[in-house]
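J.: Sequence:
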Amino acid sequence: MLFTPMSRLFFETYLHEATGDLTHFSIKPESLEAKAMEDSLKLCEAPAIKCEDEYCATSLESLVDFGVSKLGNKIEIFTTGIQEEEPQRYTIGRGTQRIGDKSVACHKLNYVYAVFYCHDIQDTKAYRVPLKMQHQQEDDVAIAVCHSDTSSWNPKHAAFQQLKVKPGTVPICHFLCSDTLFLVNKLLELK
Numbered sequence: 001m002l003f004t005p006m007s008r009l010f011f012e013t014y015l016h017e018a019t020g021d022l023t024h025f026s027i028k029p030e031s032l033e034a035k036a037m038e039d040s041l042k043l044c045e046a047p048a049i050k051c052e053d054e055y056c057a058t059s060l061e062s063l064v065d066f067g068v069s070k071l072g073n074k075i076e077i078f079t080t081g082i083q084e085e086e087p088q089r090y091t092i093g094r095g096t097q098r099i100g101d102k103s104v105a106c107h108k109l110n111y112v113y114a115v116f117y118c119h120d121i122q123d124t125k126a127y128r129v130p131l132k133m134q135h136q137q138e139d140d141v142a143i144a145v146c147h148s149d150t151s152s153w154n155p156k157h158a159a160f161q162q163l164k165v166k167p168g169t170v171p172i173c174h175f176l177c178s179d180t181l182f183l184v185n186k187l188l189e190l191k
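Okay, so the sequence shown: first residue is 1 according to the UniProt record's numbering, each after it adds one.
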């Protein structure tokens, strides 16, 4: 993952102007990339859902600072190690481990600079899950999270649509993408 740092002041002051001059970055204003960047801006400006703090980090340093502010100074950062572009079949291997009891997820957003949408996650359990692909010697590792309380989530969230359930009725579990940085407080020791 490459980081092109951008100062927080630049982000807060000039983000809209930078998006307005996309030709500087060889991006056409009517393109899908421009639309994705506009969606990133909207996400960063939207109010946080109940019981969550959020922050759009524009550098690795600000991302870590947000994590430390929520988790304390003993943190560990995990990512899903699977880089396959094409869908693959995996088997869950042995040795699934619970990681941390408090967490912050930082999702890479589509933008011309490194911007991560970070949010602390309440009532969530996280796991480090070994995954084995057929004919592969070593396991890949994925991070899975299970959200216990989804009552404040948007009812139109994709998870509810796919599972045909309503907010707050069942836990929602999913794997994290490889471009998500997952920070946990280092209270549980990994073996």
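Among the hints, erroneous ones may be present.
When the alpha-carbon atoms are kept at most 27 angstroms apart in a straight line, the in silico DSS-like pairs for lysine-lysine are as follows [as the list claims (entries may be wrong)]:
1) K50 x K125
2) K132 x K42
3) K132 x K166
4) K35 x K156
5) K156 x K166
6) K50 x K70
7) K70 x K102
8) K108 x K74
9) K74 x K186
Listed next, with one range per pair, are the computed distances between beta-carbon atoms [said to hold, decoys possible]:
10) S31 x K132: 23 to 31 angstroms
11) E85 x E33: 42 to 50 angstroms
12) S152 x F25: 31 to 39 angstroms
13) G81 x D101: 37 to 45 angstroms
14) R94 x A34: 17 to 25 angstroms
Please keep in mind that the hints were generated in silico from the structure rather than gathered at the bench. Backbone N, C-alpha and C fix where the C-beta goes; we use that ideal spot for every residue, glycine too.
J.: Are K50 and K125 close enough, with their CA atoms no more than 27 angstroms apart?
T.: holds, 18 angstroms
J.: Range hint 37 to 45 angstroms: satisfied by the CB atoms of G81 and D101?
T.: violated, 23 angstroms
J.: Is it true that the CA of K132 sits at most 27 angstroms from the CA of K42?
T.: violated, 37 angstroms
J.: Keeping to a limit of 27 angstroms between CA atoms, is the pair of K35 and K156 held or broken?
T.: Distance of about 20 angstroms is within 27 angstroms: holds.
J.: Does the structure keep K50 and K70 at a Cα separation of 27 angstroms or less?
T.: holds, 16 angstroms
J.: Taking 31 to 39 angstroms as the stated bounds, is the beta-carbon spacing between S152 and F25 within them?
T.: holds, 36 angstroms
J.: Could you grab the alpha-carbon distance between K132 and K166 and see if it respects the 27 angstroms cut-off?
T.: Violated: K132 and K166 sit about 32 angstroms apart, past 27 angstroms.
J.: Can the suggested window of 17 to 25 angstroms be confirmed for the beta-carbon pair R94 and A34?
T.: Violated, since R94 and A34 (Cβ atoms, about 46 angstroms apart) do not stay within the stated range.
J.: What's the verdict on K156 and K166, does the C-alpha distance respect the 27 angstroms limit or exceed it?
T.: Status holds; Cα separation ~9 angstroms.
J.: Given the hint that K74 pairs with K186, does the C-alpha gap stay at or below 27 angstroms?
T.: holds, 5 angstroms
J.: Between E85 and E33, does the C-beta distance stay in 42 to 50 angstroms?
T.: At roughly 18 angstroms between Cβ atoms, E33 and E85 fall outside 42 to 50 angstroms, so the hint is violated.
J.: Below or equal to 27 angstroms on CA atoms is what counts here, so check K108 against K74.
T.: This hinted pair holds, its Cα atoms lying about 23 angstroms apart.
The structure is inconsistent with the numbered hints 2, 3, 10, 11, 13 and 14, although it conforms to all the rest.
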